[in-house]
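Chemist: My request is simple: use the sequences and hints to build the entire structure.
Protein sequence lines, in the order shown, are assigned to chains Z and G.
Just so you know, we're using the numbering used here here: the first sequence kicks off at 1 and counts up by one.
Just so you know, we're using the numbering used here here: the second sequence kicks off at 1 and counts up by one.
A hint or two may mislead.
[Unchecked claim] Which stretches of chain G does chain Z cover? Using the computed rule of at least three CB atoms under 8 Å from a CB of chain Z, they are:
| hint | region |
| --- | --- |
| 1 | 93-102 |
| 2 | 111-122 |
| 3 | 136-142 |
| 4 | 171-179 |
| 5 | 253-263 |
Keep in mind that the hints were calculated from the coordinates and are not lab data.
All figures in this text were calculated on a predicted structure; none of them were measured in a lab.
The beta carbon of each residue, even a glycine, is placed where N, CA and C say it ideally should be.
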Amino acid sequence: MYRWLLCWRYLRTRYIALASIISVTLGVATMIVVNSVMMGFTHEMENRLHGILSDIIFQSRSLEGFPDPDWHMEQIRRVAGDDIEAMTPTVVVPGMLNYQVGDTWMTRPVQIIGIDEKTQGLVSDFSKYLQHPENRRQLSFQLREGGYDVVDHQADGPSLPREEMALAGWEHRRRMARMKKMLLEIERSEKASEASESLPANLQDPFARAAPQEPALQFDPEKSQYTGIILGIGLVSFRRDGQDHFLLLPGDDVKLTLPTVGTPPKIVSDTFTIVDIYESKMSEYDSNFAFVPIRALQQLRGMIDPSTGKGYVNAISIKLKPGADMNKVRDKLRAAFAPQYYAIDTWRDNQGPLLAAVSMETAILNVLLFLIICVAGFGILAIFFMIVVEKTRDIGILKALGASSGGVMSIFLGYGLLLGMVGAGVGLVLGLLFIRHINEIADLLGRITGHRVFDPDIYYFYKIPTIVDPWTVGWIISGAMMIAILASILPALRAARLHPVEALRYE
Amino acid sequence: MNKTFSLFRTRQNPPPPVSPEGEAPAPANGHMELAGPHFVSSRSDGCLHPSGQMSDQVSACPGILSACDITKTYRKAAVEIPVLKGVNLSVQAGEFLAIVGQSGSGKSTLLHLLGLLDRPDEGTISLEGRRIDNLAASARDRLRNRTFGMVFQFYHLLPELSTLENVMIPLMISQSVWRYLRHRRENIRRAKEILELVGLSHRLKHRPRELSGGELQRAAIARALVNQPRILLADEPTGNLDPATGREILRLIQNLNRQVGLTIVMVTHDRTVAEMADRVVSLVDGRITHQDFARA
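Modeler: So this is what it looks like as structure tokens:
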């Protein structure tokens, strides 16, 4: 009993010891915050990667692809039919995107993906990332009249509205086409230099000269569209201070240039009309992907066998039934198909290096922060030694009164445990409070330093994602308390070994 | 003072009375269970000399506590300082014994050895004829806690605790947490009774730094008595007090001996202080040289 009484009294009367565990507190708080944020990011990223990639990707090793996707899907279903929920064929080819901003033609490299508009939405979260509510329900490559999202539907907090999106759709297309027609007429009538001067109103609008088309007699851009294309939001806009500025809108036309099949490949190009914008919030994908109807891409690349009318595809995306073992299905498929032609991977295999890098980063941060707590442990060790020296006489008294060496030792071990509990407990509260208000704190820090802590220009999230995992928190807390106890072992042993007579004589 | 009789074993009634709480008191025969070689005393001072010869030291009747041929040497940086050079001493039950000596004569060392705070280099300490100096640490802890009460020159109260808590420390040490919590009221009552006995019942909540020297020593005495010891060991109990307060403390100690029958061994350098005792022995240069029955 005297042990607990004395621990408690020492805790309440030695503020220097409380100072020594501030570093434990800060270490615990930082570890909790870092782990939660890292876990939030990882979770968010995995969700998105998984959503973009589907469960298993059955790919050809060649850009030429393999023929007859229906036969392949039949074979896949024969091998692992019980676990498969949906499949969709895709054609993937690198290409170039050209569009006009003002007077200038811009060229961007893109990954062109031909998708089946009926089944693509079944295998992945693809449709969730589109900007028109109807397209999210059922994808269509036909331009919509209007009604594109002005407010980001994926934002889980306040986001700046995208005013330009209110104009998108057929209305935008018609306006652009009329302007273009007017421009051509004026050019024709005035023939040259004053043209720019006479159109000041149009010059103010960056889209005034967008989407120029060759004046095709039979094609009226006010009434009809080219083949639909869905572009990543990173290709058509840029973000400044959290506000998206669009260079292109649904309704504008762009050109795609890509290689055909065959050796050597020839270069073909075609015009497409933007029908929607794809925003997965993974900047790598958002600034690379251009989705077109699979049939149109196959035709453009010459991937259709003229004798059978069946197209070639590069890949089949497979979605498994809930609860199915991804790796087992992958292994079955790997066993069934010739590995020199087909690469069969789960989404995790596909993104292995990225996921491994993130978990490595988390591990290293944890090691570093834990080392900080260990350093704090040495602080506790030093302070405890001082307290034992200061309390030498009291230890002698306790022994003279019959306290055992073990009892004296447990006073200081218990004191260490109490300090660890206080330190870790305060750290826990601080950490959880920090996580709860992390966005406000980031904003505040940004305002004070003038440097954005969490830049939505980079991350495409409006808020910092956090996940508090009770297990992780438990490990952190018990680790910190362990260190506090370990640090108090040596001083406690010293206290236990003190000789009562010498301790009593100590002044 | 009547009720104090129930708190202590008296000279007249060797079997200990049941304490007023009805709880078994710190067992008077607790040390009986203790293992250890039993020296059957063949001599009047209770010592069995290794050679079998009679010691040439002054002998007394075998007592409750006895020291035989105690030697103790301290080492300070390779220099050996012999402090006790063969001390024989026997304390009778119910006796008030004073040990007088100059500072450095080894009287505190002797008291520490008697109170099991240290081990003699040679010789034995016996409690009622049973050797106790070579017991295991846990048994020694138990004896220090229950059989001996210690009072020091510098009071040695724990500064973080109140007077009452300081007095209760020996109870806390002897009881497990659960037992202590179960008997908390009883423990507090006992501590309060003892504090009343030493005249400190108005200072229960005060911290040691708020007490005067005399009050500190009273609290220390109360702490020494709370576990109903059989022997009170006092190391210069008045050494740090002014003469008037010192006399009060001495009178308190004397009363404990006279009225309750507590066995007391007191160490002092002051002859006038020693006069209060039943018997005075002198310790000079590590040996008992003179026995003086002040009240014989």
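Chemist: Going back to the hint list, which numbers does this structure go against?
Modeler: 1, 5
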